[in-house]
Amino acid sequence: MTMRRPIILLLLAPAMLLVGLLFVAPLVGVMSLTVHDGTSFTAEPIRELLGSRVALVVLERTFMLAASVTAICLLLGYPAAYFMSTLRPRVRAYLTYLILLPFWVSILIRTYTWIVILGREGIVNTGLGALGLAPVKILYTNVAVHIGMVQILLPIVIITCLASMLDIDKDLMKAARSLGASPAQSFWKVFFPLSVSGAATGGLICFILSLGFFVTPALLGGRRSIIIANLIDLQVHQTLNWGFAAVLATALLAITLACLGVFWLLMRRRVEFSGAGLGR
Amino acid sequence: MVNLTRRAFGIGAASVALGALSARMAAAQDVTIVVNGSGGSLAEVLKKLFEDPFTEQTGIKVRATAPVSLPKLKAMVESGNVEWDLTELNGDDVVLATKEGWLEEIDYSIVDPENELPEMAKLPTAMVRASYSTVLGFRTDRFPEDKQPKTWADFWDVENFPGPRSLENSPKCNLEFALLADGVPLDELYPLDVDRAFAKLDEIKDHIPVWWDNGAQHVQLLVDGEVNMTSCWNGRITPLKSEGRPVEISWAGGALLLSYLGIPKGAKHPTEAMQFMKFRMDPVASAEFVKVMPYPGFVPGMMELLEREFVATLPTAPENAEQQFAFNSSWWAENLEEVQNRWNEWLLI
Chain L
1 MTMRRPIILL LLAPAMLLVG LLFVAPLVGV MSLTVHDGTS FTAEPIRELL
51 GSRVALVVLE RTFMLAASVT AICLLLGYPA AYFMSTLRPR VRAYLTYLIL
101 LPFWVSILIR TYTWIVILGR EGIVNTGLGA LGLAPVKILY TNVAVHIGMV
151 QILLPIVIIT CLASMLDIDK DLMKAARSLG ASPAQSFWKV FFPLSVSGAA
201 TGGLICFILS LGFFVTPALL GGRRSIIIAN LIDLQVHQTL NWGFAAVLAT
251 ALLAITLACL GVFWLLMRRR VEFSGAGLGR
Chain H
1 MVNLTRRAFG IGAASVALGA LSARMAAAQD VTIVVNGSGG SLAEVLKKLF
51 EDPFTEQTGI KVRATAPVSL PKLKAMVESG NVEWDLTELN GDDVVLATKE
101 GWLEEIDYSI VDPENELPEM AKLPTAMVRA SYSTVLGFRT DRFPEDKQPK
151 TWADFWDVEN FPGPRSLENS PKCNLEFALL ADGVPLDELY PLDVDRAFAK
201 LDEIKDHIPV WWDNGAQHVQ LLVDGEVNMT SCWNGRITPL KSEGRPVEIS
251 WAGGALLLSY LGIPKGAKHP TEAMQFMKFR MDPVASAEFV KVMPYPGFVP
301 GMMELLEREF VATLPTAPEN AEQQFAFNSS WWAENLEEVQ NRWNEWLLI
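Chains L and H are the protein sequences, given in the same order. Take the first sequence: its letter number 182 is residue 182 in this note's numbering, and every next letter is one higher. Take the second sequence: its letter number 107 is residue 107 in this note's numbering, and every next letter is one higher.
Honestly, I wouldn't trust all of these hints.
[Claimed, not checked] With a straight-line Cα cutoff of 16 Å, these simulated EDC-like cross-link-like pairs (lysine to aspartate or glutamate) come out: (1) L:K137 <-> H:D206; (2) L:K137 <-> H:E334; (3) H:K72 <-> L:E121; (4) H:K74 <-> L:D171; (5) H:K241 <-> H:D224.
Calculated from the structure, these hints are not laboratory results.
Produce the entire structure from the sequences given, and follow the hints as far as they go.
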């Protein structure tokens, strides 16, 4: 063991160096802008954040959007993953391939495609018109942003859920059935508790990725769909107020880390709880 | 710094006296200048008409980069790692960058030794490269032939000119358009009455489903039929019209804007950059450029090389210019931060 530790460190060193130089160092640089304007220490950016109604509204909007996108992804992704977990491995492999297929197309292209589909004279409205129905306004609303984001994030949720479901021993459900549980009971009392940590991990990844979305809200949303990344971009490119941009970025990072912390605490309790449940 | 100016001056004087010979001297140094521009199809035209011939004549190589970005200029100058030797800039960027000390002084004895450029094209830290207009653009097929939108008052008139519209996601120009729609005469716009402009913008806000961020987007919005009218850049609509698309612009109440070339503070090859600026003043190549990209600069002798009918489609043609207002870069540089913050609050909440 003592011999192996240096080897492990050696193997980790290149990756850590890369992350340190290209991620941690710039991050510290950005964070230092929140209290230092290049010549002296200042509390201005933080004061600006607390006094900015736009920043607080947009931060709240960002978290609400991430939460609703995550909820939709879980509602759609969990049943899909469950269905896939019941299939024969060959069919499942084929479906997995189909689910991963969109990853080969850039997010930008997929987002632009939604413009073609959802636009005022897009495919959806042309179809509705042909059926004699009134056109719907989807593009440049929050609905379009949700559609675009769910389409991008859903595969991640499905794959994460599926991975944890495949680890579940199917004989446990058979055992439950043989002891008199109904199919619904064997699902809710045995399968669901065992799969919930995988689903929660998928949801967390989805939530954190949603918080940092930029292109999709910018291209598919209206003026009220702007989220925190777009606001940071505005401060960097339009007003050149880099202190404010840095404080927004730091606030986003801090709140994200806080969410991670809460999740970690909850999951630890959950594991202890379900562990105890299994032992009984 | 003194050395640099003297050297610049020396080379400038030599080029006047010895013509191409001085260029060969520069070539011996094997220099590559980095010229930052808007990129895209524009970059290809610039390469063919200016950059390649410049390298051929002087031996100075040109590397083009994109996009135009004031924050990048700020980062380069402040970090002392200046990549660009020359960059495009818009008007209020020039004012701001000059105030912040991000631009070198231009030595017009090199750029314009014959003193041919009009004075208004020669700022101490930047030279006018092109002019363009932000104007009202619309779909001709969405309005009856005798009732096409012409003015910003029409743009605001949602009863007589129905349908969704778009404006740029920026207070610049939009405040002016709002005031024009509210009846302010062209020559009394500045200083802008910000309160009155926002009050007028309140009226149109709900009729604007999307606020565009770049030129490609407003083209797409018009072509896809997403909106019936939008503010737009004149040069983006000209090619659509020649493709036969049902789009048109109205010069009335348009904003006439200038685009500049400037040298970042601490650029590695300021002298060669200025030589290239001089080269960009060639009237024949400039005329060819304007035929492809209808953004004319103030190159002396260029307009005479163009067909009269074509000149009439340019933003600076007298009959077009007199319907527009000159965008006041100084006012905007002075007030941008405050107005932009108010804009964000107005738009995003």
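Quick one: which hint numbers does this structure break? Sort them smallest to largest.
-> Hint check: 2, 3 and 4 fail, others pass.
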